[in-house]
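2 protein chains.
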Amino acid sequence: MLKVPDHQVAGHKAGNGKLGPLVDDSGHFYKPLQGDERGSNEVSFYASFSSNTRIPGHIRRFFPNFYGTQLVEASDGSGLQPHLVLQDLTLGRVNPSIMDIKIGSRTWPPQATKDYISKCLKKDRESSSIPLGFRFSGLQIYESRELGFWKPGKRSIKCLSADEVKLILRKFVSSHASEEMDSKPDCTFASVVYGGSAGILAQLLELKAWFEDQTIYHFYSCSVLMTYEKELISNGKSPNAEIKLVDFAHVVEGKGVIDHNFLGGLCSLIKFISEILTTPDECTTESSSEDFRKNRISEDGAP
Amino acid sequence: MLKVPDHQVAGHKAGNGKLGPLVDDSGHFYKPLQGDERGSNEVSFYASFSSNTRIPGHIRRFFPNFYGTQLVEASDGSGLQPHLVLQDLTLGRVNPSIMDIKIGSRTWPPQATKDYISKCLKKDRESSSIPLGFRFSGLQIYESRELGFWKPGKRSIKCLSADEVKLILRKFVSSHASEEMDSKPDCTFASVVYGGSAGILAQLLELKAWFEDQTIYHFYSCSVLMTYEKELISNGKSPNAEIKLVDFAHVVEGKGVIDHNFLGGLCSLIKFISEILTTPDECTTESSSEDFRKNRISEDGAP
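Residue numbers (the numbering used here), protein chains in the order written: chain H, 1 to 303; chain W, 1 to 303.
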């Protein structure tokens, strides 16, 4: 009855004796509760969020539905284990192209311990999180019936430069993706996937407006999942482009302050996607500060 | 001919054999070049910015005018030393109330060394920078002819909670400021200083719109200076409320990416000030996540 999801692009995966999420055929996604506080924190978040009357409906739709927790047979054979029961975001989707993008240049909350900060800071510095304000956690881009999906390795997509990130965001909406990194994507589907009143950019801007105002939650180490179906476009239909927020193990209370870390990263992502819509043919970064001498920051100067 | 500025609220101060900025009586502010790369970096920034034709006029007005560099007699008696020659931002101002607010939760650029990061991160964590996205570097609030200025100590204003920051931002636009921290400010001048089409909020929003788009510079450890004159209001005039950006020793190239760190902090500050305008009578933080359990973040859990 429960099976390994077809289209998981990030996170621990079930199978071969490993613990990971499972799905059933009625649209539920079973995510194993992490044993430490992360599991209980994610349950707390979903319980709080799903009952919070101050979340507007047009924002709630960006979050997976929550159906409580349930003991189910774990994928690693360890018997009945508690799982979050969530909406299966890929239910009914055929060959979805998906990007999982972790938002925010800082993935650790203010109250974290020194050790935890060191660990996160190392990853944030080595990846594109610090320079760009977000990083890819996983992605798959559907090519065609013959070629299937282009699904680059996790490690290869975390530490990308701004130009490489631009290239991937362009490949995501191009007719072909799996060629070499230096090939030029055609951005054929940019206007129908990223653009338009129901496109991904419009959804990101709605989310941004909420983040400029909401002071309830701070979303550390949380991802925006972007999904659409290429084949629908070939059939003359809307690509069903959608964003969802996922991974709330590190959400903390906002305490009257906006989530400036998530908001900054979100604005950076929005800028990248906007540029694809305004200059779909251009694939390299404009040399934007030609008259400013290269990084002259003192390496040990006091502020 | 050169003298110590009357209204400096942050940074090194001249006098008693110490090196600090000086002003003349024709509106020039002489800032000693820091000996290490910070000095040359700040000169590079001003040279780049002042000649960059892509900076819109309505944004340029938020930056001090730049008149080059000049050798002048240093305030510490060390003889002729190179100084940046800038616009004296308090020229012609009578008893200005001033806040110097360092923007961004991160005060170090991505390329910084481990040691420099450690030093900055410690300050960012101990201050309000990490939780709020900005911190006070200095402030003075004019009270009256009898009482003069309220000028709290630098250390006392850096490590404030969200509620304490709200209180200071309210005191800034109140008829009295220097009472105890738990007294209630009247926010008498909020609507004319923060509000209105020429007020501080409108200026911050203009700056925000630019930061959502510009990818030329990243402003680490840079401050927004807010100034107005209380006495002008008593005389039935506009308070001459103004924001300026200052301190560019840690500006680096944007390289095609927006300054998500500055933007996030700026949005946080904007939210604080907006709330004063919408609820001028309220002085405590709304308990905004009453149904979300207190911080449950794992102290050492892997992400």
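Since the hints were made in silico from the structure, they are not lab data. Check the hints yourself; a few may be wrong.
Because identical chains share one entry, a pair is satisfied inside a single copy or across any pair of copies.
Claimed, not checked - For lysine to any residue, the following SDA-like pairs were computed, each having C-alpha atoms within a straight-line distance of at most 25 Å:
{"#": "1", "residue 1": "Lys244", "residue 2": "Glu37"}
{"#": "2", "residue 1": "Lys184", "residue 2": "Leu2"}
{"#": "3", "residue 1": "Lys244", "residue 2": "Glu282"}
{"#": "4", "residue 1": "Lys122", "residue 2": "Gly148"}
{"#": "5", "residue 1": "Lys208", "residue 2": "Ser144"}
{"#": "6", "residue 1": "Lys208", "residue 2": "Leu33"}
{"#": "7", "residue 1": "Lys237", "residue 2": "Arg145"}
{"#": "8", "residue 1": "Lys237", "residue 2": "Glu126"}
Going through the hints against the structure:
For a Cα distance limit of 25 Å, the shortest separation of Lys244 from Glu37 inside one copy, 24 Å, qualifies, whereas the shortest one across copies, 44 Å, does not. Taking the closest pair of Cα atoms, Lys184 and Leu2 never come within 25 Å of each other, the shortest separation being 41 Å inside a single copy and 59 Å across copies. With identical chains, the CA atoms of Lys244 and Glu282 are never at most 25 Å apart, being 28 Å at best within one copy and 35 Å at best between copies. For the homomeric pair Lys122 and Gly148, neither the shortest alpha-carbon distance inside one copy (34 Å) nor that between copies (48 Å) is at most 25 Å.
In this homomeric assembly, Lys208 and Ser144 never come within 25 Å of each other (Cα to Cα): the closest approach is 33 Å inside a single copy and 42 Å across copies. When the C-alpha separation of Lys208 and Leu33 is checked against a cutoff of 25 Å, the pair qualifies neither within a copy, at 29 Å, nor between copies, at 40 Å. In this assembly of identical chains, Lys237 and Arg145 lie within 25 Å of each other by CA distance solely inside one copy; the values are 18 Å within and 72 Å between copies. In this assembly of identical chains, Lys237 and Glu126 lie within 25 Å of each other by CA distance neither inside one copy nor across copies; the values are 40 Å within and 53 Å between.
Comparing the model with each earlier hint shows violations of hints 2, 3, 4, 5, 6 and 8; every other hint is respected.
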